[in-house]
Amino acid sequence: MVGRRGLLKFVAGPPFLVLAAFLLVPLVLIAAFSFRAGSGALGPTDPWVPTVEQYAEALGTPAFMRRLGLSIVTAALVAGLATVLAYPVAYFLTFRAGSRAPLYLTLLLIPFAVSYLLRVMAWKVMLGPEGGINSLLSAVGLTEEPLQLLLYSRPAVIITLVYIWIPFAALPIYAAMQRIERHQLEAAADLGAGPWARFWRVTVPLSLPGTLVTFFMVFIPTIGEYVTPDLVGGTDGSMYGNIIQGFFTRSANWPMGAAMAMIMLVLTLVVVVVALRIIDLRRVTA
Amino acid sequence: MIGIGRTRVPLRGFYVAMLLLLYLPIGLLFVFSFNAATTLSFPLTSFTTDWYASVLGNGPMLAAARNSLLIGVASASVATAIGALVALAVLRFNFRGRRLLLALAGLPLLVPYVVLGVAFFLLFVTLDVPRSLLTVIVGHTVVAVPFATLILLARMSGLDPALEDAAMDLGASYPVALRRVVLPLTGPSLLAAWLTCFIVSFDEIALAIFLVGGDPTFPVFLYGQLRFAQRLPVLIAGAVLLMLGTIALTLIITRLRGRED
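Residue numbers (this note's numbering), protein chains in the order written: chain A, 1 to 286; chain B, 1001 to 1261.
Chain B extracted, bound-state conformation (with noise of 0.2 Å):
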């Protein structure tokens, strides 16, 4: 804004201690993870990879970051597919059930997450379904559904539905247009959508602590080994690990969505 006078609220000193305030407690651990005691506690003893290396040797905790690994690459994928759907139905078509559709796919945000693991574990019990890595598969796929949805509609409703016209009025019929034109044009936010669903699932543990059979998610068995106070390192160095993983994703999901705009 040129020319009009500003309020000297230092609003750049909030910024700056707000991210001080968020990035401290994970930097605290991040530090916690290389120092020698099993206590996290001042002042530091020594430096040590020790917790790194027995993340490697924790066979249990491997499993489990396996099964969350497993679970959101599924649910990431048929959230994205049932999300595609939805924008699809919704922008491209007219019909009686549009407005209720819209509602069942944003559902999952606005019912608490207690809710609906209730809602879940009573569906498999209902049903005679032993809890299992595929009751969790279920439940991730449903709460991942919502942002599928918001992403690519938001991406779709920025194409014009006369490309798709153009397609076949040259001779394409609607699957080959939506494959040739619209699937290249909405690309980056369907890998968008997925990595987010993704992500969504993987850190996902309310619903999954309903949903768990015998396998844990690696939260819930996070989750299940925090009782174990001397455990504590290892745990933090495991999570710090995958945490590494998880922020490379969302910096990818920022440039994808970021290049479109």
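Chain A on its own, in the form it takes in the complex (with noise of 0.2 Å):
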């Protein structure tokens, strides 16, 4: 490699600056902000007294804690429906499209590209009181009354996240499904496993890789949301984010808030050591 050697600085230097300056710099500060005493909108400028009594609060306050298990919880449940659902269209893609899979995926990524608030209001619309799903309802003469439950709910959140990740849910599996040689079926067909057979014990195995991948990366953005829960959730399906959120807007109290977000960054890098732990990402990106 003569004459590149040189070069590495001009090619690796800028990224690293960049990504120091703007990613690992702002993380850092977050940090900072965390370890300081007061409340407010507090600017770098103001008296820096370092303490712990942020994470004292924030972890003594049982609404805050309480609302960062739902939001585990509802992160949970938004990634395995949205890894079950895209599973099947995965599998479909893969070993039943043939010749038009190119097509079929191209159909399943077009709502993807559908702007993210538009898809949000479309559920807003879809579950309102005089939405979609009540006046199909009313229609059919089911109810008399519009459900009023539907809208600004937990449930509401969780029905328009999981629409909002099933395209891009399937496209990991449907990644580590097109690499299971077909003769590794054939192989267990000759020696006498049948369809389920086979299924779940060649074709499930040699595709965890990449349903795991999908549930985590549905999961790490999910756990953060606020933007959806403000618009469909009220305030029981307001979640985590919505409180970070609130200290750097509504009621600022940035210590607090970077104390907060800190509680998340922890939590969500252990999510990401444990995942790497479980995945083996050789195997995903061979």
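Derived by calculation from the structure, the hints in this document are not laboratory data.
Just so you know, even glycine gets a beta-carbon here, dropped at the ideal spot from N, CA and C.
There may be inaccurate statements among the hints.
[As the list claims (entries may be wrong)] Residues from chain A that face chain B, not an exhaustive set, calculated with beta carbons under 8 Å: (1) Pro14; (2) Leu27; (3) Gly43; (4) Phe248.
[To be verified] Quick list of simulated restraints, FRET-style, between CB atoms: (5) Gly69/A with Ile1252/B: 40 to 46 Å; (6) Thr1048/B with Ala31/A: 16 to 22 Å; (7) Ala1063/B with Thr61/A: 37 to 43 Å; (8) Gly234/A with Leu1185/B: 48 to 54 Å; (9) His183/A with Asp1160/B: 24 to 30 Å.
[What the hints assert, rightly or not] Chain B residues, not near chain A, derived (Cβ > 10 Å throughout): (10) Phe1034; (11) Gly1059; (12) Leu1070; (13) Gly1187; (14) Gly1213.
Fit chain to chain and form the complex, with the hints in mind.
This is the structure we're talking about:
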């Protein structure tokens, strides 16, 4: 590789500098602000008194910890449902769609290109008191009064987020299934395995890494959601992210907000480390 | 698969049902965007294109769309350049920080956006930089980097380094080899990476809420207007118009990436 070595600093230097300055430094700043005493919009020139009181208060406030727990459950439900619904779709694309697979894949991905807010609004309309589901129910005569429960609830948040993630969720599973060698399935058949035995003992284990990637790639962004809960969740469906965002807007309290964000960051990184332990990345990217 | 039996699970039916479920809510919005009533409910009243006409006369909405366009172009350009450099450094150079660089380039995918939003917010507060379109560009560039990096890593890992070596044996310097050999071979992927980053930025809201100043992006503008129920049809019409653009871009990306495989 003569003639390359001297160029390393020009190739690796700029991305290192940009990512250090605009990714690492900001994350370190959250930590710095989270260990400050006081409350309100404390700027960098206000006094810096080191303390752990923000963490003591955040972890000691049951309402906050309850929201955190609910957010974890919500994210796990959304990721689990999106994965389970996307799995048969990926299976269909890989093993049944044949030469039309690219077309079917594109059809699946088009809704993913529709603006996120538009898709949330679509469910706001679907679930609203005069919306799609209620109009349908009353048209069929099942209900006389519109169901008020549908919108502004935790189920509304879960339905909307599952809807948003399904097209993406199929992708890592599809990629993993495409790498399954057909002769492995044929070998299993030769050895007497029926369709279901082959599915459970060949297809599922070999597609597991991609399936887990899907789960975690939906879980991580969902745990920090605050826009969808704000639009369709109401007070019942509001999440931990809404509390964090509130500390930087409605009721400015930056050190407290920073501590809450830090708790979420650490929790997410723990999830990532656990995920990397379970998923053999070489099998996913190979 | 020839010759081995299948289960009788109606997978095609499941796929079709999923597609219907995915398209129905969006289709419903599309229908309402041509309905004369301001409330989005059945029964439909009469057909109108007024909502679309009033999008064109809605100054703040058009300004927000322009802001998003500008932010998307700027952040996609920088993010694609960074992604290309990361891919090149990781695949063609052996150095101590190699794994760290790769981890940094992927990190934005692993941090919830509300945390990144807080991080950028505090960065600009500390630097005493007032929030503006520029601060949104910084945030969107960082979150687009993993997408550019992944797309370009996938493409460039399939390129034989011997191609560059051959060019250099024939007297080209490394930058010339990159420009004359690697660039033409990765062109479609670079474009696909750029378009992906553009869409990521154009549709992004959770970070932008923390980073916008007085000039909103299109999603932030929509978000702010959603509380006014009677404006909903116009907002939907505007969003539908932009949606047609992003769908076209997505189809282009699919074609670009499909051609190289």
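Run the structure past the numbered hints and jot down the numbers of the failing ones, going up. Violated hint: only 6; rest satisfied.
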